[in-house]
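**Q** Sequence:
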Amino acid sequence: MADPLLFNPRTYDPAHFDPETRRLLRATVDWFEDRGKRKLIEDYRSRAWLADFLAFSAKEGLFATFLTPSSAADGHQDKRWDTARIAALNEIFGFYGLDYWYAWQVTILGLGPVWQSDNAAARTRAAELLSQGEVFAFGLSEKAHGADIYSTDMLLEPDGDGGFRASGSKYYIGNGNAAGLVSVFGRRTDVEGPDGYVFFAADSRHPAYHLVKNVVDSSKYVSEFRLDNYPVAAADILHTGRAAFDAALNTVNVGKFNLCTGAIGICEHAMYEAVTHAQNRILYGRPVTAFPHVRRELTDAYVRLIGMKLFSDRAVDYFRSAGPDDRRYLLFNPMTKMKVTTEGEKVIDLMWDVIAAKGFEKDTYFAQAATEIRGLPKLEGTVHVNLALILKFMGNHLLNPAEYAPVPTRLDAADDTFLFRQGPARGLGAIRFHDWRAAYDTYAQVPNVARFREQADALCEFVTTAAPDEEQSRDLDLLLAVGQLFALVVHGQLILEQAHLTGLDEDLLDELFAVLVRDFSAHAVELHGKDSATADQQRWALGAVRRPVIDDARSTRVWERVEALAGTYEMAP
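Heads up: the sequence shown at position 97 corresponds to 97 in my numbering, and the numbers run straight through without jumps.
Don't take each hint at face value.
Below, a list of computed lysine-lysine pairs in the DSSO-like style, where the Cα atoms sit at most 30 Å apart [what the hints assert, rightly or not]:
| no. | residue 1 | residue 2 |
| --- | --- | --- |
| 1 | Lys346 | Lys37 |
| 2 | Lys39 | Lys358 |
| 3 | Lys143 | Lys378 |
| 4 | Lys37 | Lys362 |
| 5 | Lys213 | Lys39 |
| 6 | Lys213 | Lys378 |
| 7 | Lys392 | Lys143 |
| 8 | Lys59 | Lys37 |
| 9 | Lys378 | Lys362 |
| 10 | Lys378 | Lys37 |
| 11 | Lys378 | Lys358 |
| 12 | Lys378 | Lys346 |
| 13 | Lys530 | Lys378 |
| 14 | Lys358 | Lys346 |
| 15 | Lys39 | Lys378 |
| 16 | Lys392 | Lys378 |
| 17 | Lys362 | Lys346 |
| 18 | Lys37 | Lys358 |
| 19 | Lys59 | Lys39 |
| 20 | Lys362 | Lys39 |
| 21 | Lys362 | Lys213 |
| 22 | Lys143 | Lys213 |
| 23 | Lys392 | Lys213 |
I should point out that these hints are in silico values taken from the structure, not numbers from a laboratory.
Using the sequences provided together with the hints, build the complete structure.
**A** What follows is the structure, encoded as structure tokens:
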């Protein structure tokens, strides 16, 4: 019997969506299943460009339906920007291969500056290109500067006729080989400072656009391209000045969220393979799954994966309910990017420890999953960058709650218009949050939730009595250890909120929080060992270490759910 908490192509029916969304999601699953595992792996190994997949998307209107906001949809009732169904498609793409997800993801990034722009002609052009099945690209990062947009060397010289000539190169730009529209960030040569920033639309087929190479050895086309005296007309300008800078950051706010559900899909497919293999493999006369350490590792992997899904599903609600007076999503966004994707790495590693050499075999999905899962924590900002961002919210989140109306589950067929009018990308330290304790109070009777709550309360004590001083605040190594502790509290909060909304089995929740208790203890020990940790901080760290509440019967019941995954899904050959 299929596990209702995991995506399974054999039983998948997204009945909670409208009919056209449901049809497109199911058609996408069927396209991959009809293609078969052998072809999927062959394309991955041979680094084939995704022409067949993009042809399917164009024929079905997949990207156009999911990525055209209703304001640009020309009355097409099924077109909207709906984070819930975007997340569902991310999971499907991750399940079948990150190459497919990547072409979609960088299309989302390329569209971000366009949908934020007041340039009606550019918006109309983008909608037309989407309807024709084109992909998009986001020309932000550069070889010498990475994503340091303050230092861009893409230069625009005025041409005397109200336009510009753009010259410079961009590096690590997905879809740069095929994009019908590339949103390119640069700066004017005749204006100093932030007023000189420009976002403009370029066409990869223009003769002044030079494709240099694919910088990775993959079906993903992660390009380096160069513009030489590229003509930029007034009609091509998307944003100027500070608005261009804000458009860059706000686009990443939208795009980085997609990494979490991509990671979930990867882990789900890999888990079916891993559990089935371990259950069927006989070692010393017993199934591999008879060994206690194997059961623990697979159970830990399973509950971590369930936690990833719960957190991400709940974060969707905050994205969709966001507005000028509710920007809580700006914390939950880097959390999905950093925390959920690193959890994905742990899930894969736990399963790989069990299946060992099987994880290298060329006829498995797992072999590519083990490689691709590494990329997600490193895209759209590293773990360190996102942890540093998360820390900006710690004081207000832990100690200074505000009143908000409850945020409901958001699966309605609505357009998430605020994501394209987020406004200035600043003021993060002033954002307030609802009281995180309420979610924990709801499950105070669950032993390991209560145990983890002790650690969360201890972190509040740390912030008020042993927080890093001014000198330590410049020690990013120490701060990142603190960030990991805070991230766990936020992770647990949204997991509990979603568990309450969905009626999650308390055995699963208890087992998951046993893992989180161990994680918090490990990060506390890491903080204790930091070079600059004070004596008070060291004492606090050891005092925050807890042992999870052990319940063999509970662990056995959760293990039985994991064991039942064996044989429930294998991709068609």
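**Q** Compare the structure with each hint and give your call.
**A** Each hint, compared with the structure:
{"no.": "1", "hint": "Lys346 x Lys37", "verdict": "25 Å, holds"}
{"no.": "2", "hint": "Lys39 x Lys358", "verdict": "20 Å, holds"}
{"no.": "3", "hint": "Lys143 x Lys378", "verdict": "16 Å, holds"}
{"no.": "4", "hint": "Lys37 x Lys362", "verdict": "11 Å, holds"}
{"no.": "5", "hint": "Lys213 x Lys39", "verdict": "25 Å, holds"}
{"no.": "6", "hint": "Lys213 x Lys378", "verdict": "21 Å, holds"}
{"no.": "7", "hint": "Lys392 x Lys143", "verdict": "28 Å, holds"}
{"no.": "8", "hint": "Lys59 x Lys37", "verdict": "22 Å, holds"}
{"no.": "9", "hint": "Lys378 x Lys362", "verdict": "25 Å, holds"}
{"no.": "10", "hint": "Lys378 x Lys37", "verdict": "27 Å, holds"}
{"no.": "11", "hint": "Lys378 x Lys358", "verdict": "26 Å, holds"}
{"no.": "12", "hint": "Lys378 x Lys346", "verdict": "15 Å, holds"}
{"no.": "13", "hint": "Lys530 x Lys378", "verdict": "24 Å, holds"}
{"no.": "14", "hint": "Lys358 x Lys346", "verdict": "18 Å, holds"}
{"no.": "15", "hint": "Lys39 x Lys378", "verdict": "28 Å, holds"}
{"no.": "16", "hint": "Lys392 x Lys378", "verdict": "20 Å, holds"}
{"no.": "17", "hint": "Lys362 x Lys346", "verdict": "22 Å, holds"}
{"no.": "18", "hint": "Lys37 x Lys358", "verdict": "16 Å, holds"}
{"no.": "19", "hint": "Lys59 x Lys39", "verdict": "20 Å, holds"}
{"no.": "20", "hint": "Lys362 x Lys39", "verdict": "12 Å, holds"}
{"no.": "21", "hint": "Lys362 x Lys213", "verdict": "27 Å, holds"}
{"no.": "22", "hint": "Lys143 x Lys213", "verdict": "13 Å, holds"}
{"no.": "23", "hint": "Lys392 x Lys213", "verdict": "38 Å, violated"}
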